[in-house]
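With the hints as constraints, model all of the structure from the sequences given.
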Amino acid sequence: MEEGLGQNSVPPQGPIDKSRILDVKPLRSLIPIFSMASQASPSAQYPSGFSPFFPFGAPQQTPTGGTTGGAATPTPIRAYRSPLGAGDTGSTMEGFTDQDTYGKKKRGSPQPRRAAKSSVDKPKKSQEPPVDLGDLVGISPAQRDDGSREVVNLVLMSFDALRRRLCQLEEAKELSSGSIKRADLKACNTLMTRGIRTNMRKRIGSVPGVEIGDIFFFRMELCIAGLHAPSMGGIDAMHIRGEFEEETLAVSIVSSGEYDDDAEDSDVIIYTGQGGNFFKKDKHTIDQKLHRGNLALDRSSRQHNEVRVIRGMRDGANPNSKIYVYDGLYKIQDSWIEKAKGGGGVFKYKLIRTPGQPSAFSVWKSVQKWKSGSSERTGFILADISAGAESIPVSLVNEVDNVKMPTQFNYFHSLRHPKSFSLMKPSHGCACTKACVPGDLNCSCIRRNEGDFPYTGSGILVGRKQLVHECGPTCQCFPNCKNRVSQTGLKHHMEVFKTKNRGWGLRSLDPIRAGTFICEYAGEVVDRAKVSQLVREGDEYIFDTTRIYGQFKWNYEPRLLEEIGPNEDSSEDYAMPYPLIISAKNFGNVARFMNHSCSPTVFWQPVVYEENNQSYLHVAFFALRHIPPMTELTYDYGFARSDHAEGSSAAKGRKKCLCGSSKCRGSFG
DNA sequence: GCTGAATCAGTGTT
DNA sequence: CAACACTGATTCAG
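Numbering-wise, the working numbering puts 276 at position 276 of the first sequence, and it's gapless, one number per residue.
One should not assume that every hint holds.
As the list claims (entries may be wrong) - Using 30 Å as the maximum straight-line C-alpha spacing, the simulated DSS-like pairs for lysine-lysine come out as follows: (1) Lys491 <-> Lys553; (2) Lys585 <-> Lys656; (3) Lys655 <-> Lys498; (4) Lys322 <-> Lys173; (5) Lys491 <-> Lys186; (6) Lys369 <-> Lys500; (7) Lys186 <-> Lys404; (8) Lys322 <-> Lys371; (9) Lys341 <-> Lys500; (10) Lys553 <-> Lys655; (11) Lys341 <-> Lys322; (12) Lys585 <-> Lys500; (13) Lys289 <-> Lys369; (14) Lys553 <-> Lys663; (15) Lys500 <-> Lys365; (16) Lys322 <-> Lys289; (17) Lys365 <-> Lys419; (18) Lys404 <-> Lys655; (19) Lys365 <-> Lys491; (20) Lys331 <-> Lys289; (21) Lys434 <-> Lys369; (22) Lys404 <-> Lys322; (23) Lys173 <-> Lys491; (24) Lys181 <-> Lys491.
Just so you know, these hints were derived from the structure itself, not from any lab.
Note that the structure is predicted; figures quoted are calculated from it, not measured.
As structure tokens, this is what we get:
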């Protein structure tokens, strides 16, 4: 048992002067602070008369719609101070909204939940209270306290859309009020003051709408989704009414490698407590104190409550950015004290992952092993179906049945136009001498984009547009110009895999940030008149821009930027210069394997650029939201136009949809 | 209720 | 690139 603690671990009865470390706060617990290693057995003894606080036994309500799934989902504890059982949303959350930074006034509309409060709304520092825009984007007061998958997605997408837009404005120096070095902070603060956040009510256990395996690219995303409240702190805690008194229990931790955590194992974490001059440059560290997060973890180690674990790591492809993975619920199994390198005493907490949860971090570990070749894959068929056509190999895997290959096709990276294809519309690229610079209105390509550089400096699409104008081969700018995102090939390790019931599908071994270019729809451009014939002949690989696609909002909310910078038409309708129909049956790339979903992870965006002094249209796919590794990539196939016109015969060409989403329309095609 | 301290960020620079 | 400096936001303690 003690061997499992690692070589560095010091027996608690060792030379450390415990009193020196532990004497900081009067401890209200009757239990010894650190149980001896020999006592830390499951049969942990509580003093007689002390009944452990553990209200998870009898779930009286099912968690909201299919979040993490599985029987392991505990019933969330209601917050202390929050009256239990009040069914309606009226005054339930009093006490947790006292420090409202949002929604002070809702522009005339009634605010029932604040009715009981004494009306001492004195304006803070002569600033007018921010307008509550929650309703505008569809977040009710109740949803701010308790989220759902839809609300979490909405909040996170609002955040990233705004952050991307702020980056764009900053890079183009279009901001009216100073510069924004931290678009993540600005975006988060803007959303929070307008009430665009969710799961504000703290809870133990899973958070409705956040699924195990979800990934985040900023700490602020954890914050507004309600997964982990502190903007920097690694330990989030909440007050709980225990058997006899109020206690502070840990509800979630972030382990991102800043301390000497041992997080190599995918089901175990040795987490280091907070404090102790760990970040000071002087080598001498001081003893950590048993207060704040450390105290909460200590309490939780005895109450055995579930603690959410978020694992942070450096992105392999993007070393300057960090990725946070929600790895589900853990329990603290053991805790002890160690001597840190700098000399101070540190608290260590051993967390064990609750069994039966969907895999999350372990998927990352597996991918790591596959990539390094240190582990064999089951069902592995081919290392690269592109046969070198892509700079990153596209693997082929079948873990489902014995089919070894998709039907034959030629891998091709872009569009092939028929000889007869003629645009008769001469066009010219930009005349920039180096790389095109955001905000440079001398660049004709930027002017075509209504003055906005369509991508951020890290190559992420800022917003959906009627048409994205990229620089192309005809442009004079350098090939490294950042306005050629969709022409630079695959950037992720893609994989064609056999799905359980939908044939072959596409996924990525790498995490993908929202707005990242994934691939274009490659294939042969076909004449519009031939489409129905091709379909009759069984061509299932047709992309048709003239189909009817459902509308969805992806761009930032312009009203959030009223005082910050210019905003404009937020229309997300496409404007095709001409209809484009592509068949990927004989020639195509990975895009031909993407399946349909009614709640997709990917969307398409028309892109044009100049080739041979003519502008050619392309279909580019971008990530709709952050996509964890090994998640199937899907987009919305839309409806054939004839279906709408002919009505009753509509079902003829339709297929039963197997996307399995809660918003499934039942059929597509 | 207010203020300031604490904190497993994120960028940019050397 | 690793170390460092710098500017931060949120929450909680006092």
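Problem - Distance restraint between Lys369 and Lys500, which requires alpha-carbon spacing of 30 Å or less - result: holds, 24 Å
Problem - Pair hint outcome, Lys365 versus Lys419 [Cα-Cα no greater than 30 Å] - result: violated, 49 Å
Problem - Given pair status - Lys369, Lys289, alpha carbons within 30 Å - result: Violated, at roughly 39 Å.
Exercise for the section: With a cut-off of 30 Å on the C-alpha distance, tell me whether Lys322 and Lys173 pass. Expected result: holds, 26 Å
Exercise for the section: For the pair supplied as a hint, Lys585 and Lys500, confirm whether the alpha-carbon distance does not exceed 30 Å. Expected result: holds, 22 Å
Handout entry: Holds or violated: Lys322 to Lys289, with C-alpha atoms at most 30 Å apart
Key = Within the cut-off at roughly 28 Å; holds.
Exercise for the section: For the pair we were handed, Lys553 and Lys655, check the Cα-Cα distance against 30 Å. Expected result: Satisfied, since the Cα-Cα distance of roughly 26 Å is no more than 30 Å.
Problem - Hint consistency between Lys404 and Lys322 [alpha-carbon to alpha-carbon, up to 30 Å] - result: violated, 37 Å
Exercise for the section: Decide if the proposed pair is consistent with the structure: Lys186 and Lys404, CA atoms, cutoff 30 Å inclusive. Expected result: At roughly 50 Å apart (the allowed maximum being 30 Å), Lys404 and Lys186 break the hint.
Practice task
Quickly compare the C-alpha distance for Lys655 and Lys498 to 30 Å and report which way the hint goes.
Solution key: holds, 19 Å
Practice task
Sort out whether Lys289 lies within 30 Å of Lys331, counting only the CA atoms.
Solution key: holds, 22 Å
Practice task
Verify the proposed pairing of Lys491 with Lys553, using a straight-line Cα cut of 30 Å.
Solution key: Between Lys491 and Lys553 the Cα gap is close to 26 Å, so the pair holds against 30 Å.
Consistency note: the structure conflicts with the earlier hints numbered 7, 9, 13, 17, 21, 22.
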